[in-house]
Amino acid sequence: MKPRNLLALILIPMGLIIAAVPQNKTNPYKLTADQMLTEANSRTQFVAPEVVADMILRKDPSLRLIDVRGQDEFEKFSLPGAINIPSSDLLSDEYTDILNQDIKMNVFFSNGTLAANQAWMITRQLGYENNYVLEGGLNYWFEAILNPQKPVSTSSDEEFARYDFRKSLGQALGGGGDAVQPASGQDAFTVKPVIKPAAKKKRAAGGC
Numbered sequence: 459m460k461p462r463n464l465l466a467l468i469l470i471p472m473g474l475i476i477a478a479v480p481q482n483k484t485n486p487y488k489l490t491a492d493q494m495l496t497e498a499n500s501r502t503q504f505v506a507p508e509v510v511a512d513m514i515l516r517k518d519p520s521l522r523l524i525d526v527r528g529q530d531e532f533e534k535f536s537l538p539g540a541i542n543i544p545s546s547d548l549l550s551d552e553y554t555d556i557l558n559q560d561i562k563m564n565v566f567f568s569n570g571t572l573a574a575n576q577a578w579m580i581t582r583q584l585g586y587e588n589n590y591v592l593e594g595g596l597n598y599w600f601e602a603i604l605n606p607q608k609p610v611s612t613s614s615d616e617e618f619a620r621y622d623f624r625k626s627l628g629q630a631l632g633g634g635g636d637a638v639q640p641a642s643g644q645d646a647f648t649v650k651p652v653i654k655p656a657a658k659k660k661r662a663a664g665g666c
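Take the sequence shown: its position 192, counted from the start at 1, is 650 in the numbering used here, and no numbers get skipped.
FYI, nobody ran anything at the bench for these hints, they're computed from the structure.
Keep in mind that a hint or two might mislead.
Quick list of in silico lysine-lysine cross-link-like pairs, DSBU-like style, CA-CA up to 30 Å [to be verified]:
id : residue 1 : residue 2
1  : 608       : 562
2  : 608       : 517
3  : 517       : 562
4  : 534       : 517
Here the structure is a predicted model, which means the values were calculated and not measured.
Between the sequences and the hints, there should be enough to build the whole structure, so can you do that?
Put into structure tokens, the structure is as follows:
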């Protein structure tokens, strides 16, 4: 998909959300279209499914999974320990402390990538740090973690190591196949983003 088309897919739904909130909520949106495009194309917001699966298995307390689908879909299936914040509720004051903080690594996810990436873009424009997107969404999660495909015989050692690692994670998380011990050097697949300190909030001026 061309970068400009990707930007349009991100900005149009986001514009509808912004238009529905009070004026004082829209003031923080300061990124230009070019800045938005640069942010979207950097892909630094994406976290590989192997990283998330490994953190789930290790019960990493810094991970917080945020399902941005509707409540109905969330209740049918979601990732272990995930909370539900539908995309339409992202700008609610109820979730500000969850999205604007420096303790947890928030990972947005949906069935695909688009809705989660829109959620990330909105929080990024607000200046919030430590929000990321599950690469490929749940669709890719099922493919890469719960049902990984064995590489062809001519594949590199790295591809086989990645397959063994994914298969082991998938088995531990309820996927098919026999359990496989993660290959040596698995840490190359489990490097998670560094949590950044949030900007200090200014105290409100005195008054009623």
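Exercise for review: If any of the earlier hints don't hold here, list their numbers in rising order.
Suggested key: Checked against the structure, the only hint that fails is number 1, while the rest are satisfied.
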